[in-house]
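**Student:** What follows is each chain in one-letter form.
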Amino acid sequence: MLRDKACIVGIGETPFCRKPGSGLSEMGIQLQAALAAIEDAGLKPAQIDGILPFPNVGKSEAFAAELGCSNLRFAATVHMGGAAPVASLRAAAMAVASGVADYVLVPGGWNGYSGARVRETAANDLNSIPGGAIARDFYLPFGLTAPPQWYALMARRHMHEFGTTEEQLGAVAIAMRRHAQLNPAALMYGKPLTMEQYLASPMISSPYRLFDCSLETDGGAAFVVTSAERARDLRQDPVFIMGAAASQPYPADEICGRPDFHRIGLSTAAPEAFRMAGVKPEDVDFAQIYDCFTFEVIQQLEEAGFCARGEGGAFVENGGIELGGRLPVNTHGGLLSQAHVLGISHVVEAVRQLRGQADARQVTNAEIGVVTGWGDFGDGSIAILRR
Amino acid sequence: MNAARADHAKPLPALTGLAGEFYRWCAQGELRFQRCEDCGRHRHVPRELCAHCASSKWVWARSSGRGMVFSWTDVVRPLHPAFAEDAPYAPVIVELDEGVRMLSRVVDCAAGELAIGMAVELVLTQVSDQVWLPYFRRSKD
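Those protein sequence lines, which keep their order, are chains A and B. Start counting the first sequence at 398; every next residue gets the next number (this note's numbering). Start counting the second sequence at -16; every next residue gets the next number (this note's numbering).
You may find that some hints are simply not true.
[Said to hold, decoys possible] Derived CB-CB ranges, DEER-like:
no.: 1; chain 1: B; residue 1: R45; chain 2: A; residue 2: G721; range: 58 to 64 Å
no.: 2; chain 1: B; residue 1: E4; chain 2: A; residue 2: G465; range: 52 to 58 Å
no.: 3; chain 1: A; residue 1: N468; chain 2: B; residue 2: R30; range: 41 to 47 Å
no.: 4; chain 1: B; residue 1: A37; chain 2: A; residue 2: E669; range: 24 to 30 Å
no.: 5; chain 1: B; residue 1: A(-8); chain 2: A; residue 2: G425; range: 50 to 56 Å
no.: 6; chain 1: A; residue 1: A757; chain 2: B; residue 2: G3; range: 54 to 60 Å
no.: 7; chain 1: B; residue 1: D21; chain 2: A; residue 2: E669; range: 28 to 34 Å
Just so you know, the hints here were simulated from the structure itself, not pulled from any lab data. We treat Cβ as the ideally placed atom computed from N, Cα and C, and that holds for glycine.
Model the full assembly from the supplied sequences, consistent with the hints where possible.
**Tutor:** Structure (structure tokens):
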């Protein structure tokens, strides 16, 4: 049982930017975030003895060499795309709880705007496209080449079966944008969004418009995990990992033929994480939900148990996921309006909320928070955190 | 073909392994799916084993080529250069009468007319010397 045996003790982020780009290498931008997280914890880089890099943006050997970690005892990469950071959080917790490592770093970041754009490169690299040869042989020849297209097929079917509307997708985009107005670090700070503007934005892959899509960003983020015992001696108030789980849809490598088309990784991961934590969705004060596109927020809220399947559209309407609503979601603005840094910023923001460091966007008396990851063709990860 | 054109060539399936067998049937004018010889279930995409009964015995069974639209998206902004001139185009998931679903495209129908549940039928379309893709069109019946 992992409950309360590990803590997040350090968080770090770089500035987020689009034009003209970070000016840093992808390793450089991640190291800047990693150093900030290690400093935040009150540790020295050489004390890091576990590193869990995000897929395809850096190897543990290189991180260890750069940071002077001469005794790297635990290194792994979880290949779940955007679900990797929260799945890595769980792996880090397992490592420190079992004594395999003492201080585990989870770094991430990229030049997602100025470097290779994910929307155009995913289809060209069989090692990075989910499904691999299946996508090559049965998706790409038909023109299904990029994430908004994969997920649009899921969103369209959900709209058909449950009556989810375009305006409900828009409500997600607008909620994220409102939160970004309270976050000076957000790329969309100072740029509010109305429903009229949302509905007028150009169609990308229906039902997804421009403002349903997250922000390709240059930036980095990182966090540090240690055991509950070691956490007591560090600089910041520890944030405890009450429960964590990661899982996959079935089959994970092919979207179209799934017996239950709406089942995602979170459908099985969330109940496991809540059981481990000993709390229920209604006990949660906020949630940072991986928002690569708007519908994925609705689907994850349903599958995580915050509402029943098919009720997610109504859940997000009328300010339901805004600060002051029934469940504030993505208080930093999320991938949609803060920045897309591979989902690590969702963990960072959850820690800020539970430390009481979220400034103008602080959730009052935040005690328990949820953070999720979504990746590939619907892989899911979830952590339930407390102060 | 110059380098720039090569960059914009449409991606094609690799004609190896089970996918190669699938597409060789298409090139012969037939859509076939694997059917488990033990439990009788059809499957797509091709797999070595039947996920229901773990049997490794199967045959390529000819499909009716008839089904209905299960989901779709209208790609207005293409995100792969090879499909720039196709846009707008509509990838669809078709649910065949045999029970399997496959990713395809409906070729004779503007995206605004597409609807989940629309009856469609197979139209195999040659896209290279060796490759015929199983597209669909609105059912004539």
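**Student:** Honestly, do E4/B and G465/A meet the 52 to 58 Å range at C-beta?
**Tutor:** Taking Cβ atoms as reference, E4/B and G465/A lie about 53 Å apart, which means the hint holds.
**Student:** For N468/A and R30/B, compare the CB-CB distance with the range 41 to 47 Å and indicate the outcome.
**Tutor:** holds, 44 Å
**Student:** Between A37/B and E669/A, is the Cβ distance one that fits in 24 to 30 Å?
**Tutor:** For E669/A against A37/B, whose Cβ atoms are near 26 Å apart, the range 24 to 30 Å holds.
**Student:** Range first: 50 to 56 Å. Now tell me if the beta carbons of A(-8)/B and G425/A are that far apart.
**Tutor:** The hinted range 50 to 56 Å is violated for A(-8)/B and G425/A, with Cβ atoms some 35 Å apart.
**Student:** For the pair A757/A and G3/B, does the Cβ-Cβ distance stay inside 54 to 60 Å?
**Tutor:** holds, 58 Å
**Student:** Should the hint that R45/B and G721/A are 58 to 64 Å apart at their CB atoms be regarded as holding?
**Tutor:** With Cβ atoms ~59 Å apart, the hint holds.
**Student:** Can you tell me whether the CB distance of D21/B to E669/A sits inside 28 to 34 Å?
**Tutor:** holds, 33 Å
Comparing the model with each earlier hint shows a violation of hint 5 alone; every other hint is respected.
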